[in-house]
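Trainee: Listed below, chain by chain, are the residues.
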Amino acid sequence: MFEYCVDPSVLEGLRWASCYLTTGKHFLFYWSFLTVLTLLAVTAPAALAFGFGGAMLARGPLPLSWLGKTYIMAVRGVPDIAFFLFFVIALDQGIEYLRHVVVCPGWEDPIRQGNDFIVCSDAKTPNNSAPQLYHDVYGFFLAVFTYAIVFGAFAANVLFGAMQAVPRAQIETAEAFGMSPRQAFWRITVPQMWVFALPGLSNLWMVLIKATPLLFLLGIEDIVYWARELGGTKQAKFTDYPHGDWRLWYFLFLLVFYLAFTKLSEAILNRVMARLTHGQGTLGGAV
Amino acid sequence: MSCAQTIMDYGLRAIGIGERLLPRSDFTLCQQFTLIGSGLIWNVYFAVMALAVGFFLANALAMGKASPRWWVRKPSEWFVLVFRGSPLFIQFFLAYFIFLRMKQAGVLPFLTVAQWGALVVLVLNTAAYSAEIFFGALKSVPKGEVEAAEAYGMTGWAKFRRIIWPTQMRLAWPAYTNEAIFLFHATTLVFFSGFPTWRQQGDALYYAQYFADKTFNPFVPYPILAFYFVVLTLLIIGLFGLMNRRLNRHLPQAARPKLRYRPQIIR
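Residue numbers (this note's numbering), protein chains in the order written: chain A, 1 to 287; chain B, 1001 to 1267.
Any given hint might turn out to be false.
Said to hold, decoys possible - Label pairs and their calculated CB-CB ranges:
no. : chain 1 : residue 1 : chain 2 : residue 2 : range
1   : B       : Glu1145   : A       : Phe33     : 48 to 54 Å
2   : A       : Tyr30     : B       : Val1230   : 40 to 46 Å
3   : A       : Asp245    : B       : Glu1019   : 20 to 26 Å
4   : A       : Tyr97     : B       : Leu1022   : 37 to 43 Å
5   : B       : Leu1242   : A       : Phe177    : 48 to 54 Å
6   : B       : Leu1022   : A       : Ala274    : 53 to 59 Å
7   : A       : Val256    : B       : Glu1019   : 44 to 50 Å
8   : B       : Phe1216   : A       : Phe27     : 22 to 28 Å
9   : A       : Glu12     : B       : Gln1115   : 19 to 25 Å
10  : A       : Ile268    : B       : Met1102   : 36 to 42 Å
11  : B       : Lys1074   : A       : Pro199    : 25 to 31 Å
If you are wondering where the hints come from, they were derived from the structure by calculation, not from laboratory data. Glycine is no exception: its CB is placed at the ideal position from the N, C-alpha and C atoms.
Using the sequences and the hints given, assemble the complete structure.
Mentor: Listed below in structure tokens is the structure:
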């Protein structure tokens, strides 16, 4: 990075640190923070959409409402880390199986042969010959989808409660004005429910932030991966910057990062809540 | 091999009793049920021990947070903030590396073993979450009850022990039940963070993943795991429900708070 970094073995103190912290691998570490933030930015709206769909299903007519409620209950009753491990393989195999059926109709052999899952080579997703970037993006996409499914169930629960919390009189008024149930839902319930949903959703956001290190378990090169990688003991044979086991410090840094991030989110969400409750006839907004 | 034989061999595999070698091929449904169930021993162990110890620490922390003395209040607040504000996953890693250093220095070397070290982390973590629940409950103890106690001449410890604390527990119990469930679910993280498994003696999720990796078929082991967890979650709700009944036995039927399962997933 800097000119004086050419021969790291003669460097000392701060200069050594400045060179050490700007190696190529460290930049990958810094970029992985962006991966985590991207995941959050993509997952939050996706989970909200899943949650909205789930809540609408749960409010719908009978067979549909069972579907919605089963979705909510199934995901919430089981440790979500199990869901993460499950969905990534299940989605991967599901996608490959569907492509297999479409791309290779003449294939006779069974898909599951003993302990193997075999599809024709054209159906491999992404293709074996595809560049590394495709594999990375595909892995990230699977991770986002998994997060969206799991957190969608929690969002569905929150939104379902919020929709029920909109005062009944409001809906009746809408009906008195001649609105159809659909109109009443979109024009009255949906705009009003956010205030009731926000405490639950902000709690969910905090939990989502704290779930991001689990990306590591899905095989993404995220901050946990790089902290382990960079912090491990480095011998002088393999690197210009030998050091002992520094994983403790790297993880301490991650801990501080997460603390700061949750603190910041809390402050912002409090302001949003103050804005939304302004002028509402609730205890929080009566001031 | 019959299923009874499999249960004999692998039923206590997770705590090192029975067959050493895990099955390597031709996995039967019985083997999967047995091994995942035997891993569940560790999940129950972590959950029960952490809750038992964490309960007392949480009470101390909640009292600390309510203390008028800043040198008691501030450390309690910081403790709760750090453990609630950061992911449990990172806490496991960090704790493991700290314990590793301590081992090198010769202090408490047994803490690098998951069964001790991870337990310490879980105790501290659940204490922080429960302390927040108990503190909230302490703040909502009705003023009238406390004033009535003072009118009877109760002060200090007697007032806390006989009036405030029972009401505090009663108010906190539904939320504490949920905390117990999250903690039980969080025990699955132990062997997926820094702590290594010893002789493949892992928890339920460890064995579920073992099978999913070997058979490349996630549709059998994970639903088995889910089944076990749903059953045990219902058991927790049942047990805590009994305590809830006891705590609220003086109230009229209709006024008794119901336990509602509102899980919050990982921390």
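Trainee: Identify every previously stated hint that the structure contradicts and give their numbers, smallest first.
Mentor: Of the numbered hints, 3, 4, 8, 9 do not hold.
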